[in-house]
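Chains A and B are the protein sequences, given in the same order. Just so we're aligned: 215 in my numbering is position 215 of the first sequence, and the numbers increase by one with no gaps anywhere. Count along the second sequence from 1, then add 375; that gives the number in my numbering.
Taking lysine to aspartate or glutamate and the DMTMM-like style, the derived pairs with C-alpha atoms no more than 25 Å apart in a straight line are:
#1 Lys496/B with Glu510/B
#2 Lys430/B with Glu265/A
#3 Lys794/B with Glu638/B
#4 Lys767/B with Glu778/B
#5 Lys423/B with Glu265/A
#6 Lys740/B with Asp730/B
#7 Lys608/B with Asp49/A
#8 Lys859/B with Glu452/B
#9 Lys794/B with Asp664/B
#10 Lys741/B with Asp730/B
#11 Lys474/B with Glu516/B
#12 Lys810/B with Asp730/B
#13 Lys951/B with Glu638/B
#14 Lys606/B with Asp49/A
#15 Lys990/B with Glu959/B
#16 Lys605/B with Glu265/A
#17 Lys608/B with Glu265/A
#18 Lys870/B with Glu897/B
#19 Lys606/B with Glu265/A
#20 Lys806/B with Glu793/B
#21 Lys856/B with Asp888/B
#22 Lys605/B with Asp49/A
#23 Lys605/B with Glu528/B
#24 Lys742/B with Glu724/B
If you are wondering where the hints come from, they were derived from the structure by calculation, not from laboratory data.
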Amino acid sequence: MLYSRHSLHSPFSIKEKLYNLDFILLFSILLLGVISIFAQFSSSGGSFDYYSKSHALRFGVFFILFLSISFTSIRFWHISSYAVFFILLSLLILVKFYGIQSQGSRRWVNLFVINLQPSELMKIGIILFLSNYYHKISEQDVNKVKFLLFPLLAILAPFILVLSQPDLGTAILILLSGIVVTWLAGVRWKIFAYLSILALITAPIAISFLKPYQKSRILTFLNPDSDPLGAGYQIIQSKIAIGSGGLFGKGFLNGSQAYLNFLPEKHTDFIFTLYSEEFGFIGSISMVFLYFLITYRIIKIGNETRSIFGKLYCYGFANAFFIYVAVNMSMVLGLLPIVGAPLPILSYGGSSMLAIMFGLGIVMSCNVYRNAPVG
Amino acid sequence: MLSFNSSNIASKTRTIGRRMFLLNSIKAVVLLGIFGRLASLQINESSKYRSLADKNRFRETKFAPPRGIIEDYFGEEIASNTRIYQLHVTPENTPDINKLLVRLKSLIGLSDRRATQIRKKIKKQKKWETIIISENLTWSEFSRLNLFLHELEGAHPVVSVARIYKNNASAHAIGYVSEVSARDIRNKKYLKDINIAGIAIGKTGLESTLDEKMLGSPGFLRYEVNAYGKKIKQVSIDNGLKGETFRTTLDNEVQIFSAKLLENVSGAACVMDIYNGDIISMVSSPAFDPNSFIHGIKQKEWNNLLNNRDKPMINKAISGLYPPGSTIKTLTALSALENDVVSPKLLVECKGYIDLHGERFHCWKKKGHGVVGMRTALKKSCDVYFYEVARKLGIDRLAVTAEKFGLGKKVLQDYSEEKAGTVPNTKWKIKEIGKNWYIGETLHSGIGQGYFLTTPLQLNLMTAQIANGGYKIKPRILINKKDKVGNLQKYQNHKNSTPGNIMSTADQIFNFDLQPLFRNQENINLVKEAMFAATNEVGGTSYRSRHNDKRFMFAGKTGSSQIKRFTEAQREAEVKQENIAYLERDHAWFVAFAPVSNPKYAISVLVEHGGSGSKAAAPIAKKIIKKVLERDQNRSSYSNQLNENT
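Okay, chain B solo, but in the shape it has when bound (with noise of 0.2 Å):
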């Protein structure tokens, strides 16, 4: 058998030998092949697959830092951070979700309707996924939680941190936070890195003009999931960086008070350095409660604010537009004085009206001043002196001097909400309303009647910059480290601080480089001294509202802007303000400087539908003057140790 097989078997052999041969080299290329592929995906292309799998493996959530404080000039927090206490729940680790909102109910009052939201939100996410059941739980309800926490499997009583405002003073000038809308993410860019799930952003006020520096920088907790998304463990955490706090120029005590005064009525008041443009306060009312967004606004507390007659949500301090009144009388005579269309020694005689083209133009007082001067004029608010100064005037040449003044334009940058107002002139007509100026709406804007739309924080510049001698000065609100002195307070600075030294105006712009609005600082000063006896002396419109003590004495113009004219009948009764329907009553004006023998500050207020400035705004400008004269000493006393930190 052997034998029969041996050439066969070598043969078969040989076959069998060259075949395995070509199959061996076969082998030889595959394991090239496996080799060069495992080369190219752990060598070459090692550092790809690395991020793919850490992007396999970790998850981020964002989570935002404390948002920066907003503090008033002393540093005392207006806007600041409070801790609050929420309830979470992770599905995932309840046995049973349901019988846990029924216990929730019990323990802090969970409503059904919330209830029901919160199921809806649960099989929407991965039951690992947790769920804020309450944001905002009060202490007791939240040590009553850990109390029985026991019987709560699932869920985590959490402490976080928001915003609290300690009162409603500076609501307005603040602003508000509350939740990301859709609109936001649209048309605030910085919110897309940010992205923070139930994050609270600033809508109105400086909240939301130092919205993105207040954010900070987002903190992140990285942690490890598996295939199925559960989270495994942290990885790593950054606290992210809190945000920029920010100091303003507001006093926090004034502005409480302020608004303690304003309380009942509607309208505003803004006090200003007159040499720095710094804002002591700026104040609207009726306030809101700012700390009512933060957790979301209740439906019928948001329309019971939207449908309120007094606008609350408006900060009328900027956002509010009014005719001027007789406040812009002071620009009227300061025009026409420096365009020497007038001298100061004119007389007119007031009979209470004056005609002209055939159209009668009335004084507000029915009997007549007389024959008066400017300085009487201005003291008593006659109307028919100024028909006859505007008409000389024209409403050009006074249009530049009201915008020289700051009249027509923005005052601050920080407001989205801040708006221009109007200066009329004849140009202006024809383009925004497409008709020719009449002579008659001169005299009305002579008297701040008709087109003229101003903000009280536009008088309140308007009245600072006279108050300080006629020199533009910058308005802020906000403190930025950065600022230098200005010119006008480092002037201010060096006369108080060499008081015998006497400098002529030429050398004193000169010298400290100041804007002078004026021509001739004497007409500057026969206003100054006009609004003093306006408030100082017998029969000065606002002589009921004066300070006796020389320390707070004030110099004032009143005003009121017209939102109906009376009828003739109306005019022959004499009927009072305060008889007519509130709508139609005027807004009362009063625009001060204050102290009269060293001014320092200036004021506005504005009292919606107040009838008149003498009675209505006057006596409250009186009270907030006081104030301000009284904390004046700490606030220089303040800010010179600031300087000398620095």
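One chain only, chain A, in its complex shape (with noise of 0.2 Å):
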């Protein structure tokens, strides 16, 4: 051993850790970061204005922030997981009596330098707790009962705040990137087919507590040309916005659909759609492009990353930004009903970008320090 194991001080020089980033991750997220301000530009009628401003603002903080958390020892964030998690649901406790409501829903807890959305954050913080908690139990225990009682308790607490927000979108995000890791940990198929008959069961139940704007969301999408003016408006504004982009786009800021406020809140949730009218098939599928690429990126980190937690995060990490891309995209090209989830790094908000500059930064961070133990 060169170093102590006990030490959380880096074993590395600077050199050597600039040399361990990996630098595609690095060049994609900037750019990513780049379009989003471009997108966000064009969101707010080519303007800088209070959104744009402040999502470049954001974004220039939170990539300083991912550097910083890219350099710190994975280790580090190995033994604060346990702690982040539950700091994260003691803030989610703590909206649930005293959050800003806005709009029917209580999201968001005021820190006073900024308005946080803790549930954002509880999608990241899930899978760090997960990875944690599978890199100190051997497989064979995986499926016994007292070992799954922890992680379904860890997932079902957050989910059932985050849903009672309500935040349906997010409290399935946070349901499926715990459930991700849990699988790659080991646990059998047969455990999740129990759980999932026994949510069928129970899911009549659930949804009568669903709140009626929830309900209609579903049915929309079902048949989102039955309320052309009303729920479905989201949807078919989407998709005439998106289609009449066409091969190569209407151009930067010429977005009719966007620019005449046909689309619905194209800064956050149909950010794509405002990007995609404008830049046509080709720029879409450059976008899908650079999203794979990220998460390719991030999966080959875990494979590099020797440890058990530093695989099973970014493995987890890698399937949770997947997912966020996957039902946003899905979501504004109509192939799924309307949940509110954003686009990761696109969409405006400060929360969901924190998280997911917080995520990619422990990733770095495995990469970095792909080759210490962590414990």
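Each of the two chains sits in its own frame; use the hints to bring them together as a complex.
Here it is as structure tokens:
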């Protein structure tokens, strides 16, 4: 051993650390960030207004945060993962009682500097927690009931808290992120099957707890044309915007659907629609490729990381990242109901970007410290 | 610690790797799905969505191009367009609509009722949609508005184009325009494509018949709107196609002249070119002001028009039906001669009445005319003579001749309001009334009373076709550039250019492909000659209205159509028409052609309840004939000028 395994201090020099960065991933993120600033600029009608400015600022700040996290030892993140999870869980509970209410749901907590949406960060927190949890458990123990109970609780607690905000989209994404890590860790198919059956049985009860707008969204998804001016409006207008973009798009700042406000939520959930309308099929495919490349690099880092924690985290995060992208795109393309899931980095929203950049930072940290054992 | 874990880690890593591989495969499928969806939306269905996006963002407002113009024969505009001044308001740009309306009340005298209407209308429409506050402002109101415009935020003074009629003389012939009604939209298919708010369409006369062509094709303004429907910018403008301009055969000056003459009576006057059928003038009285309808007629004015005893809204020249009275005697005589029923030399003794099957038939002259021949009978309009002729002729043969000369059917195709009238015969009576024909009715018909119903234009055509030597003509009021010179006109031109060359009637008909309405032209000439006598010989019915100047000399036939038969007591007392109630007085007729030396025009004048043709109608005809003949030179030279140009 060249270094003390209790030391959290970096075993590498700055030069080595820089060398260990995955530059393809780094530049992909940077490129995505730049594109996102242009997209926000366009969504503001071609001006640097509040949205585009604060988006650019956030990206800058969070990119620096990303680099700092990358250069922080993976051991630190490993050790702090439970703490991070429980802090986030407490914040979710805090939101439940003291959260800021907006448009009928309570999702934000005022942290003086910034209004934080802990549920967004929980999407990463759950992966961190489970990666750490399964890091220590042997393969044989994974399927034992007493070792199943804890992860189940860890997933269900934030899921139910977020669902009750209410925020169906984020809740589902937390659930999926958790399940993926659990499954990667080796939990048997059978157990998922049993739990699914249980979920199906309880689903009608759960549905009765859904808010009317959430129910209508699901119904609308099944037949968007049934109510073209109501809930189906978003899906129809999004499809019109994307379809009318054609092969080459209408050109930067020329998306009529977005510019004339036919497109709803164009800063956030429908930012890809705006981009797709302006840059067409070619642009959209390039964007999909960029997201694919980022996912691929994360998986590659996972492959090369030796620690189970690192692997589980990278894989877990890669899958979650992919799911965010896939859910958002499928949503705006009319393949899934509108559930309110932002597109990583591109969508406006501080908490979402913070969560993604934080998550990516830990991935990069895995790469920088890929040869370091985590304990 | 590491050693404890090494095999465990390796096996765990394998499990994780294996499961990740499975998840990656799912990812590939999902990516493929997104890729496919993008391709389908942006490549396959791109054009569909592009048109949907355009449908989202573009709105069009249509506007009417200037309406086509109606000109008289000389190109003078009878129905034209004028600039009008309007006030539009966009509620969105107005800080306080109530304050604005109050201000407008003092500036342009906006009524409280109109203000209430406007408030209601504003509530119904989107706040950025403009509303027309005032359709037709005077210049002084308009300039006052412009002066105070800084106080009137949201108000826009607008200059637009609307119909204008310079005078009322042609109100009936031309018709009027007014706002589209719900019924118009149902009945007129072409309006479906046009559908412009506030557009004025033709309601009667030529304005109605030519409406579709005169409307032109609407222009449109295409602009971009946002999701809330607010106008963002103008994208394109299409000015549309101006409506077609139409030239008529009317002479505006004669129209005005005739209208002035008829001003104080209820009636109609028509003038026709006897060779080509051009209607020089067609006037109905009393007239209405067609300009009143353009911006919506006031209820009170409309009620006055509807309730007027003299029915100003009816074009009496083509829609007024009256028994032809003695003017029909020309045809009774002609029919009898053509059918060889009587000889021109037939003499009948008029004692003031004849008795037939126990019924007494009176001549208008109580004392009787003594022994009269056909020429004198026509000249003096002896009823007894024509009772006798009609009795011999029979109604069916008279009906054939009457129809030949244009009675009982529409003269023009250009008016939906034109009436066909009635030419009675035995079959007609059985069919329409369900009773057999009585010989007494033949006698009444022979002097133009009873079932006969004609319009002034029909009698005008009848006279024209007698005057031109008995040839069929096709009357027209619209000039179509494609119209060819009629055969009769060609013959007339030929005759005028070779004065010495006398062609037999048969040759004339053969060479010029004429359509004779006679069997023997001598009969026509006899009627014409008798009409000459009626006006220009002492004792003729219209002798007092004659022109002594050879240029204006005309030949005419008076007539009066009975409203109510005189009682024996009235007849004994020789009650004068002037002394009975207005509505019971006879309608006065006069038909004529002029100049007698070389006839060119035919005229018919009707004066409702005018008493007698000689007193009420002939003096008016006399003046119109002079006017028309004075303008004849103008008309021919203008026509030649046009022919040379083309």
